[in-house]
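Residue numbers (the working numbering), protein chains in the order written: chain S, 1402 to 1685; chain D, 27 to 350.
FYI, nobody ran anything at the bench for these hints, they're computed from the structure. Honestly, I wouldn't trust all of these hints.
[To be verified] Partial pick of chain S residues on the chain D-facing surface, computed with a CB cut under 8 angstroms: (1) P1530; (2) L1570; (3) R1573; (4) F1624; (5) G1626; (6) A1642; (7) V1665; (8) L1666.
Every residue gets a Cβ at the ideal spot worked out from N, C-alpha and C, and that includes glycine.
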Amino acid sequence: MKKKKKSHTREILHRLFKNKLAVAGLVVIILLVLAAIFAPLLAPYAYEAQDLTSTFQAPGKAHLLGTDNLGRDILSRLIYGTRQSLRIGVLSVAIASVLGITFGSIAGFYGGKVDNVLMRMLDIYQSVPAMLLSIALAAALGPGLNNAILAIGISTMAEYARMIRAQILTVREREYVEAARAINASDPRIVLKHIIPNAFAPLIVSITMNIGNSILAAATLSFIGLGAQPPLPEWGAMLSAGRSYMRDYGYLVIIPGICIMASVLAFNLLGDGLRDALDPKMKN
Amino acid sequence: MGKYILKRLLWIIPVVLGVTIMVFTIMYLTPGDPARMILGSNATEEKVEALHEQMGLNGTYLQRLGRYMKQVFVDQDLGSSYYTGVSVKEQIKARLPYTLRIAGISILIAACIGIPLGVLAATHHYTWIDNTAMFASLFCVSMPGFWFALILVSFFALKLGWLPAVGIKSWTGYILPCLAGAIGGAAGLARQTRSGMLEVIRQDYITTARAKGQTERKVIFRHALKNALIPIITVMGGMFGSSLGGTLIIETIFSIPGMGTYLTDAISKRDYPVIQGGVLFISICFCLIMLLVDIVYAFVDPRIRSQYAGSTRKRKAGKGDKKE
């Protein structure tokens, strides 16, 4: 049994690595992670170091990507920014998936009235557009990156809840669930050990893609002043700060935007590749 | 059919009530005291207390919720701004059309670009057209809409001076915000259309259509696209939600006097009645759109129609070239 599983994983990885775009996405993600880990070594300057004698330097020798209105080195801020972006992506998706899986498991597992009530609640909750809900929650929690992460996590949990519920409904009556119940396994154990592993494929694709989406959402919140607060080098916040000087110093806006886009694109490419690799039927 | 629509219409009531309670609760849990913010930190305790009374901020959660629900649903009043004293209802009436218009036009542009692109990619599966179209749309999905808006402004407004950078005094002011709002949706729709088309193209009835000598054009548009469009309608409805969210941000870039500028301004001031009223209203608009989508869906999809119709209809629907 174990041997078969291993070869299955290998087959998926093989398919994944054959997909050039997915590999490109993975490479970018690895680079981002490395940049985040080794930020102090890679960054030529400290991210908060101001040099008021050299503000608005165009990209050049001393500052590869130029400096901002306070003379801070943009490259260094971008490198430190990877830490924030990855933290946002991973934490908000973790919050969303834990909340969603718990919610969806309860609904799917207990079924009947509980399911009905919970799913109607989810319908109501989803009738507020996710971005608006994130804005409202982030506003209520107060500005700050952690609050933005929490807000995004809470407002995107519905997808996981629906996915897990659907999965549970299809496998609830299967023999292996019955067998697990027969040996007196607790409900959480059945969900964690038997149901979630079976929903692994759609779950991992969603998680990968949503890391990208969360980075995008957090950048949006920072842009309107609800996410990261200065001097924290978050890409959305940098973009927002550079906006006032856009007319003369376009690079202040363009460069952080490219970083956001590249990292979101990387997660999307990997997610797409994973979906095709996990479910070759879908690829036609 | 009528039963389905009625059922769907009645469901709006609990949704609106639920959203009201949710929005109220979020604002209730917000730390920070608006009375103190208005009066400043030197205000005496009595003064703060008096203002609480006046603003309806005293009492328990349930008392305040009850008061708010009564105010919204019985008196049909959303209160007035803590700062300007202007009625929230009047402001929403003046501002909501801008937001809805931009979000709506954005969706239309997105559909006009995205759906043909998706069809093109699906019909040229595995060719460079497919690859380019899909990479381009993935690129656009990953792009922050507000960033694209800024790039558009700096190029078309600041550099070339063709279009206004802010405001919407004439129709030219709509071009950039709508384009910025459309890009993500267009890309998303292209991806959705492509995968929908690919799924449909493999069906037996497409082979049948080809076998009976139907022109390729007719096969694609009459048989394939028509079936692939059904799930896309739902996607477009859901997209209206994200488009509304995106429009809120884009409005602040173009200084458009819509809901976005209103809300972001209110958020920074903790102007509860404005935030509550604004979020509530946008959500209700979204609910109505989704209701419309569900009804349209029932009209175009014979499978749903047949569920609520008599048995004669059911047989008729089964004869159509729907995928099962």
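Closest C-beta approach of L1570(S) to chain D relative to 8 angstroms, hint status: With Cβ-Cβ at 19 angstroms, over 8 angstroms, it is violated.
Hint check: 8 angstroms Cβ-Cβ cutoff, G1626(S) to chain D: holds, 7 angstroms
Given hint A1642(S) near chain D, where the shortest CB pair must fall under 8 angstroms: Violated. Min distance 12 angstroms.
Evaluation of the interface hint that places P1530(S) against chain D, nearest CB under 8 angstroms: holds, 4 angstroms
Proposed interface contact between F1624(S) and chain D, which counts if any beta carbon pair is under 8 angstroms: The hint holds - F1624(S) has a Cβ within 8 angstroms of chain D, the shortest such distance being about 6 angstroms.
Hint check, V1665(S) versus chain D [nearest Cβ-Cβ separation less than 8 angstroms]: holds, 4 angstroms
Status of the hint placing R1573(S) at chain D (closest C-beta pair under 8 angstroms): It is violated, given that the least Cβ distance between R1573(S) and chain D is near 24 angstroms, above 8 angstroms.
Interface hint for L1666(S), Cβ within 8 angstroms of any Cβ on chain D: With a minimum Cβ separation of about 4 angstroms from chain D (threshold 8 angstroms), the hint on L1666(S) holds.
When each numbered hint is compared with the structure, violations occur for hints 2, 3, 6.
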